[in-house]
Every structure is written in C-alpha cells, then in structure tokens.
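S.K.: Given chain Z's structure and the hints, the job is docking chain G onto it.
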Amino acid sequence: MRLKLRGMKWGSVRRRAVAILLLVFGLLLAADLSTASIPDDNPIPSIFEPHSTPADSIFHLSRFVLAITGMIFLVVFVLLVYVLVKYRARTTDSPHEPPQVYGSTQIELAWTVIPILIVVVLFLATTRVIRAIQDAPEPANVVEVTAIGHQFWWEFRYPALGVVTANELHIPVSDPANPTPTYLKLLSADTDHSFWVPQLAGKTDLIPGRVNTMWMDPHRTGVFLGQCAQYCGTQHAKMLLEVFVDSREDFQAWVNAQKQPAKQEEDVGAGRHVFETTACVNCHAVAGTLATGRFGPDLTHMMSRRTIASGAAENTPENLGMWIQDPEMIKPGSLMPAMKLSDSDQDALVRYLETLR
Amino acid sequence: MSSDAMTIRAAGAAGRPWVEAVQDWITTVDHKRLGILYILYALLFLLIGGLEAIVIRIQLMRPHNDFVSPQVFNRMFTMHGTTMIFFVIMPVMFGFANYLVPLMIGARDMAFPRLNAFSFWLTAFGGLLLYFSFLGGSGLYGAGNAPDVGWWAYAPLTSRAFSPGHSADYWTIAVLVSGFGSIGTATNIIATILSMRCPGMTLSRMPLMAWMTLVMSGLVLISISPLSAAQIMLLVDRYLGGHFFDTQAGGSATLWMHFFWIFGHPEVYILVIPAFAFASEIIPVFSRKPIFGYPVMVAATVSIGFISMSVWAHHMFTIGMSAASNTFFVLTTMAIAVPTGIKIFNWLGTMWGGKIQFKTPMLFSIAFLFQFLIAGLTGVMLGTAPFNWQLSGSYFVVAHFHYVIVGAILFCIFGAIYYWYPKITGRMLNERLGKLHFWLFVVGFHLTFDPMHIPGVLGMPRRIYTYEPGRGWDSWNVIVSVGAFIQGIATLLFLANLVLSYFKGRKAGSDPWDAWTLEWSVSSPPPVYNFAVIPAVRSRRPLWDQKHPEDPDSRYE
Numbered sequence: 001m002r003l004k005l006r007g008m009k010w011g012s013v014r015r016r017a018v019a020i021l022l023l024v025f026g027l028l029l030a031a032d033l034s035t036a037s038i039p040d041d042n043p044i045p046s047i048f049e050p051h052s053t054p055a056d057s058i059f060h061l062s063r064f065v066l067a068i069t070g071m072i073f074l075v076v077f078v079l080l081v082y083v084l085v086k087y088r089a090r091t092t093d094s095p096h097e098p099p100q101v102y103g104s105t106q107i108e109l110a111w112t113v114i115p116i117l118i119v120v121v122l123f124l125a126t127t128r129v130i131r132a133i134q135d136a137p138e139p140a141n142v143v144e145v146t147a148i149g150h151q152f153w154w155e156f157r158y159p160a161l162g163v164v165t166a167n168e169l170h171i172p173v174s175d176p177a178n179p180t181p182t183y184l185k186l187l188s189a190d191t192d193h194s195f196w197v198p199q200l201a202g203k204t205d206l207i208p209g210r211v212n213t214m215w216m217d218p219h220r221t222g223v224f225l226g227q228c229a230q231y232c233g234t235q236h237a238k239m240l241l242e243v244f245v246d247s248r249e250d251f252q253a254w255v256n257a258q259k260q261p262a263k264q265e266e267d268v269g270a271g272r273h274v275f276e277t278t279a280c281v282n283c284h285a286v287a288g289t290l291a292t293g294r295f296g297p298d299l300t301h302m303m304s305r306r307t308i309a310s311g312a313a314e315n316t317p318e319n320l321g322m323w324i325q326d327p328e329m330i331k332p333g334s335l336m337p338a339m340k341l342s343d344s345d346q347d348a349l350v351r352y353l354e355t356l357r
Numbered sequence: 001m002s003s004d005a006m007t008i009r010a011a012g013a014a015g016r017p018w019v020e021a022v023q024d025w026i027t028t029v030d031h032k033r034l035g036i037l038y039i040l041y042a043l044l045f046l047l048i049g050g051l052e053a054i055v056i057r058i059q060l061m062r063p064h065n066d067f068v069s070p071q072v073f074n075r076m077f078t079m080h081g082t083t084m085i086f087f088v089i090m091p092v093m094f095g096f097a098n099y100l101v102p103l104m105i106g107a108r109d110m111a112f113p114r115l116n117a118f119s120f121w122l123t124a125f126g127g128l129l130l131y132f133s134f135l136g137g138s139g140l141y142g143a144g145n146a147p148d149v150g151w152w153a154y155a156p157l158t159s160r161a162f163s164p165g166h167s168a169d170y171w172t173i174a175v176l177v178s179g180f181g182s183i184g185t186a187t188n189i190i191a192t193i194l195s196m197r198c199p200g201m202t203l204s205r206m207p208l209m210a211w212m213t214l215v216m217s218g219l220v221l222i223s224i225s226p227l228s229a230a231q232i233m234l235l236v237d238r239y240l241g242g243h244f245f246d247t248q249a250g251g252s253a254t255l256w257m258h259f260f261w262i263f264g265h266p267e268v269y270i271l272v273i274p275a276f277a278f279a280s281e282i283i284p285v286f287s288r289k290p291i292f293g294y295p296v297m298v299a300a301t302v303s304i305g306f307i308s309m310s311v312w313a314h315h316m317f318t319i320g321m322s323a324a325s326n327t328f329f330v331l332t333t334m335a336i337a338v339p340t341g342i343k344i345f346n347w348l349g350t351m352w353g354g355k356i357q358f359k360t361p362m363l364f365s366i367a368f369l370f371q372f373l374i375a376g377l378t379g380v381m382l383g384t385a386p387f388n389w390q391l392s393g394s395y396f397v398v399a400h401f402h403y404v405i406v407g408a409i410l411f412c413i414f415g416a417i418y419y420w421y422p423k424i425t426g427r428m429l430n431e432r433l434g435k436l437h438f439w440l441f442v443v444g445f446h447l448t449f450d451p452m453h454i455p456g457v458l459g460m461p462r463r464i465y466t467y468e469p470g471r472g473w474d475s476w477n478v479i480v481s482v483g484a485f486i487q488g489i490a491t492l493l494f495l496a497n498l499v500l501s502y503f504k505g506r507k508a509g510s511d512p513w514d515a516w517t518l519e520w521s522v523s524s525p526p527p528v529y530n531f532a533v534i535p536a537v538r539s540r541r542p543l544w545d546q547k548h549p550e551d552p553d554s555r556y557e
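Residue numbers (the numbering used here), protein chains in the order written: chain Z, 1 to 357; chain G, 1 to 557.
Bound conformation, chain Z alone (with noise of 0.2 Å):
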C-alpha cells in the first residue's frame, strides 16, 4: 500500500519534470534562433539537415548507426534496470549469501557472437558509404577550387575560371539531372586547419605538405555556415566560413563581376597612394595595381563580400577602419598589424577600399 502511494506521487513528479524540461527546451531553442544575425533562413548548420549528395549520404548512414546503437542501448538499459530493482539486498532477505555462480560458456558466446554480427553489419554499411563518397566518379562538369587555408582565413582560387577571393565561397547548385558539383583542392599555407561546411560535407583538413580533395553538389540555393574545424592557432575560433550557393546565372555573373580589374576611380586616389605606399601591399593584391602580396586575402573586390578577417567582422566602412586601425579590436591575435595611420590617411584609405566592388 505505502509502495504503491510512492509510486503514484514519483510518476506525477516525474511527469512533471519531464514536461518542465521539454518547456524549457522549447523555450531556449526558441530564444537562439531569435538571436540570429545571418539574414538567412538556414541558421543553424545542422549535420542532420543536409543538402548535398555527401552529407546526405553520411545523414542516411547515421541513421542507420543511430537506430543500432538506440537499440543496444534500450536493451541493456532495461537489462540493468531490471537487475538493479530485482535484485537489490532487501531488508526481509535471509542473511546467506546468494547463490554463487562462476559464469556460464553458453551466456557468454551468444553476448559475444551476437555483437560481432551487430558489428559486421555495421562495418558493410559504413565500408559502403566511404566508397561512395571517396571514390565517386568524377562527372566531366565540375567547378574546380583550390582552397587554401592560412592563420585564420580562407583563400579560394579558381584556376579554370582565373577568380581568387576569400573566406566567402560561391559555388552553383548542382541540378541532379545535370550535375556540377563543386571539387576543391585543399591545401595548407601554415598549420593545419579542416574545412567544415556540415550542410554540404564532412569535414576534411587542410594540411601543409599534402594535397587533400573533397567535393560537394549542393541541391539547393542559400547560404551554408561553417567554420574551421581543426585548431590552427590563437583565432582558430574566428575562422568562419560562409559558402554562397547560387543558381547558375547568379554564379556565372559572379565570376564575371570577380574576373574584372579593380575599379580606378579618380576621386580616390588619395586612398590608393596611401594603400599603394604603405605595407598593404606587402600582404595583399588588388587586381591591376602594384598589390600583389599574398599573405592576406585579396582585395580586388573585397566589397562584394558580407565581412571582414573571416567573418569576424560585418564589412562597414566603420568595422574596415576599425580594422585597419586596430585589428586587436575585432580579433585579437590575428596576423594582420595595426597600420598606425593618419586619421586623413585612414579615412582616405577606407573611402578608397570601398570602392573595391
């Protein structure tokens, strides 16, 4: 009687905790997407919302993993459960030990051969899906990429389309029926880094003295989020990644709009003294002038992209001063150095960089 009284009042607490908890859940998951700054409706990049051939194939092979392992967990969870409330010492047993039993050979095959067969099947449907996504066949029409990871931004080359940009990648969307996937060449300018778009693939790293590839067919339009996966120094953190799926036209316009010199407008040329003759152009190129440095992102139209130091900042006239003010400010330890510039050198430094669309 007095068991069962508990056990009534547990399961109403317990009911009630559960719904408390699942409300409080809702409620935060709620108050994140409320949070968002990407003016996109893919927020959140979920490895279980996947729009490309690869990720979509890792999603199936996960589910499948998931439901094993849900299982195997189920069983030997209720197995324990039923152990611990079975046979746990109770005041009212006899003072003699339990009866002691050594094992049984029986028992103990089935709990072996049973799991080696749970793991034959696993290690098929795994070995499937690597071969699908590593040794797939290459179409003839693929969009070629180099990426090239550096302490703490991304530089993306197109050899076959003579475009280089950064941080920012645009890719067309693979229509199934005709499909362009995007292949990318990766490498390493300093340390190791991963290139991690969980939308589109899994993860693969970028590794200095190795040439690794991995591609990706997005199925659909959008902008997909991701960021460096693997620790690369002080600002492995603000190492974001964006990558713009456009639709055909939008993507060949793109490259047009990429492919073009830098704009020479006269009215600034201040500015472009200023960028010309100072270390600027030590580190970065600007398509057409005398910049041709390398270790930073180029410039030639670094008014198309949405931020600045890898997404570590919007990309305003007020952040890019910033930046070149006191790039401590915006992301501390990156390897771009305070300029020390005038207040008229940087202001006309700043209108000049603006016209770099």
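In short, the hints are calculated from the structure, not lab data.
Take these hints with a grain of salt, some might be off.
To be verified - Straight line, CA to CA, 35 Å or less: simulated DSBU-like cross-link-like pairs of lysine-lysine:
hint, chain 1, residue 1, chain 2, residue 2
1, Z, K86, G, K355
2, G, K507, G, K355
3, Z, K185, Z, K259
4, G, K547, G, K507
5, Z, K86, G, K435
6, G, K355, G, K504
7, G, K547, G, K435
8, Z, K263, G, K355
9, G, K507, Z, K86
10, G, K504, G, K435
11, Z, K340, Z, K263
12, G, K504, G, K547
What the hints assert, rightly or not - Listing some non-contacts, in silico: residues in chain G with all C-beta distances to chain Z over 12 Å:
hint, residue
13, E20
14, I85
15, G136
16, A249
17, V330
18, R432
19, A490
Here the structure is a predicted model, which is why all the values come from computation and not from measurement.
Heads up, the beta-carbon is just placed ideally off N, CA and C, and yes, glycines get one too.
M.R.: Just chain G now, kept in the frame of chain Z:
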C-alpha cells in the same frame, strides 16, 4: 596516560617528528606510501584541471564572451587536457596499482621499491614543470606563458615558426619526463605481478584488478615509447635543426599525428582498463557474488589490449586517408566494441541473481556501467568513418570522450576511493556525504555532457574560445556550463569528505565490506610489511574460502 608522557609527546609532535615525517614521506620506498603520494598528487591536479575547465565553461557560457582572451582560453584547454590525462588519471591509476597490487597478490612490496620512488618523483617533477610554464614559459622573453598548442600538440603548430618562446618546450619536456616515470612504474608493476605472487596465487587466480593492471602496464610500455620518441624528435626539430615535423622544410605533419595517436589510442585504454579493474572488484563484493566469467573477462581485457594498438588512425579519419585505410580502421575500431561489450554483459551477469547493496562505491560503479554504455555507443558512431567526418573535431567528440573519461573513468576512481579509503586510512568515508556527492555529481555530469553532444551535431567545433550567436548553440552552452559548476561543487564536497572522515570517520576495521581479496585480510591501514606471514591461497577469493570453509571456491575452480 601520565602527564609526563603527555608533555613528552607534545614536545615530540611539535619538534623533530614533523620534519621527520616529511623526510619519511619524501624518501619513502614503501609501495603504500608511494601509492598515497600518487593519489594525493593526482587529487591536487584534479582541482587545478577542474578549475581550468570552469574557466573554459565561464567563457563559453554565452557567445562573444570576453571573460578571457583567446590566448588564455587556448592555454586553458591545453593545460586542462594535458593535466587531466597525464597528471590526474594516470597517476591515480598508478597510485591504486602501487597500493593495491602487492597487497592483492600477497607480496610485501613492489619488485623494485627504489625504481618505484624514482618513477613517482619523475612524474611529480613533470607536473611541476608543466605548471612552472605559467611563470617561466617565455623565459627571458617576458611575461609567463603556458603552452597553447592543444594537448595533442599537432605539428607544425609546435614548430618554432608558430610557437616561438618556450611554452611548447614546457609541454614537450614535462610530458616526456612524466612519460619516463610511467615507463618505470609500468615495468615495476609487470615485474611485481609476474614474480612476487604468493604461494598458490597462479595467474588464473589473481584478482581481476591485478590482471587488468598487468595489461595496462604492458600498454604503457608499448605506447608511451612512441610518444617519447616523437617528443624527442620535436625537440630536435626545434633546437637542433631537424625537419621531422617541420612542414616548411619538407617535414611531415601527419607523421606527428601517427606518432601521437599510436600512443593516444592505447592511452585511452591505459586509462580505462584500471577503471574496469575497480568496477570488477567493487561490483562482485556489493552484489555478493563472484565475478561472472572470470576467464572471459581476462581474455576480453587482453584482447582489448592487443586491438587497441591497431585503431589509432580513427582519430585521423579527416586527414584524407585513402578509402582502403579508412575501411581498415573502421574495422579495427568496431572490433574493439566486442570485448568491451562482453565486459558490460559480464558485470551485468555478476549482478544478476545477487543481493545488490547500494553503498557509495557501488553507486559509482552502477553509474559507470550506464555511462560507459553510452560512451561506447557514441564511440561506435564515431567509429563509422563517414559519420566521423561530420562529428570529429566537434563538441560531439568532446562530449563522447568526457563521457569516457569522466562518466566512466572518474566515476570508477570515485568508487575506488570510497571502497579502499577505509583500507588506506583505517576510517570509513562518511556515507551520507558520499551519497550526496554521488547524486550531485551525477546531476552535474549529465547536465554537462548530455547536452554537449547537441552543439556538436549543430556544427560547433571544439577548441574555439568564442562562437557566433544564433546557430542554435547558445542555450546548450549555458546548460553545459551550469552542469560543470555543479560538478565542481560536488568535487569540493568529496574533498571535504576525504578530509573530515580522516579525522572523524567511523573506524573501519580490517574488512568493512565483507570482501574477498587479500588486502582485506590485513589491518587497516596495513602494517609496513603488509603480511606478517606470507599467505597461501587456493582460489580467486581467499577470504571467501576462509569465511565459508564449508563451501570454498577452491572446490569449483
């Protein structure tokens, strides 16, 4: 007692004996004292490493937080990882092995008592050296600077181009030195177990704890050596113009990865096999039954030891290995799930049909079973290479290996401390405080590490000092941090229990748990010489035979 005697005692306590006691502890070669030193040393570093974790969790509580700078954050996770692996878990395991193995196999000390002391002090010196980097890391260059290269110190981040100053050297030399200590102790344990067993204690009658410690020590010998070699090569790179890992001069970054993980994966088993050992001693006693399937448990342990040396590249699925290599390491990784699964079932089999007593050591062991099950299953997920391409380097991995290291290993260590504290000190730990500690720690643990899987799935990489808002990571990180604080409080409660019970605890007597292995046959704490007469045993549970002469184990084995 007469008042004269009192004065003499008081004078003695205030004068010479204090220095003498310190001198005794520092120069001791007694396996029990060295064991205690190892454990206390590890507890000190547990506090420090825990504090570093708290700093990490405060910083990550909200996006764009600036509680610490990126440089400090990177040092915190590097020091946290290095500390917890090399200066908490390994020393604690060596401490228990040191204290218990001779007692369990009926020996009076380790095979090489002075090597034992030497090894401990090497490890202790390594830890001090690591932490001296906070003061002297940059040497003459300026302010202090702890290593910030991550606990696996991937090349070429450790080269002088990317890690100028001496912080990376502190990491290298501290771990190298403590590694020599580990090799010394492992050699000692193997020699002890193989040659110091008392009459009748055949290999097949050793307590599982001794078996598992033997396997663990073998793994230490095999796996620490490549790490030490790689660290020496790194030092050659940094100071003698070598190019092993210097990618700017044709060295190989992946070579370091192979060296590190060929150490790093067996290392996981070096840490977890002693945890299995604790569970294998505690679960039978509190279920009142012998371990289920002793020979299979031994076989599973040995096969885990062998297989664990062929799985290292599952830490490297993302480095662009060929499909064939990936497939091979998927196979070996999954193979290791089989003996591990056998162990879980055998522990369940031990409890089946028993009379389970929910004392604190048993509570920790049960939580271990539950959490290790989950850790194993997330391990299977990570072992499927394609899934790993998404999950590796994310917070999912962080959650997974903390499930192993905290949920399984640390829980077992807590269980072991509750179980053997009475033997070591002669007093019981307070059971009420113990249960409070247990429940608080369980709540904190699950609040921290259950939600931590989710930001990983949502694309949050590890080792980032801050993150962007609005990616679905924010609230999970708040919960994780709150859980970490609760774990911190629980740990303080545990330490308080250790201290209070030392002075006020109930007297334990020689055998408070009604257990069956030899360490419970001597007084608590045991005399310096352990056994006045070397015992002779006729079964795996000598004390059971003694307590139940009408139905001894020796009849069935």
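S.K.: Does each hint hold? Answer for all of them.
M.R.: Hint check results:
Restraint check for Z/K86 and G/K355: satisfied, since their Cα atoms lie roughly 9 Å apart, inside the 35 Å limit. Taking the CA atoms of G/K507 and G/K355, the gap is about 25 Å. The hint holds against a cut of 35 Å. For a cut-off of 35 Å, the pair hint linking Z/K185 to Z/K259 stands: about 21 Å separates their Cα positions. Distance hint between G/K547 and G/K507 is fulfilled; the C-alpha atoms sit about 22 Å from each other, no more than 35 Å.
Between Z/K86 and G/K435 the CA atoms are separated by roughly 21 Å; this keeps the pair inside 35 Å, and the hint holds. Pair hint G/K355 plus G/K504 holds up; C-alpha atoms about 30 Å apart against a cutoff of 35 Å. Note on G/K547 and G/K435: the hinted pairing holds, with a Cα-Cα distance of about 29 Å set against a maximum of 35 Å. Using a Cα cut-off of 35 Å, the hinted pair Z/K263 and G/K355 is violated, with the two alpha carbons roughly 84 Å apart.
A C-alpha spacing of about 32 Å is found between G/K507 and Z/K86, which places the hinted pair at or below 35 Å, so the restraint holds. Our distance criterion of 35 Å between C-alpha atoms is met by G/K504 and G/K435, whose separation comes to about 17 Å. For the suggested pair Z/K340 and Z/K263, the alpha carbons sit about 26 Å apart, so the restraint of at most 35 Å is met. Between G/K504 and G/K547, the direct Cα distance comes to roughly 30 Å. Compliance with the 35 Å bound is thereby established for this hinted pair.
Every CB of chain Z is more than 12 Å from the CB of G/E20 (nearest about 46 Å), matching its label as outside the interface. Non-interface status of G/I85 relative to chain Z is upheld: no Cβ of that chain comes within 12 Å, the nearest being about 16 Å off. With a minimum CB-CB distance of about 21 Å to chain Z, G/G136 clears the 12 Å threshold, and the non-interface call stands. In this structure G/A249 is not separated from chain Z by more than 12 Å, as the shortest Cβ-Cβ distance comes to only about 10 Å.
Not every beta carbon of chain Z lies more than 12 Å from that of G/V330, the smallest distance being close to 5 Å; the non-interface claim is violated. At roughly 19 Å from the closest C-beta of chain Z, the C-beta of G/R432 stays outside 12 Å, upholding its exclusion from the interface. Non-interface call for G/A490 relative to chain Z: holds, since the shortest CB-CB distance, roughly 20 Å, exceeds 12 Å.
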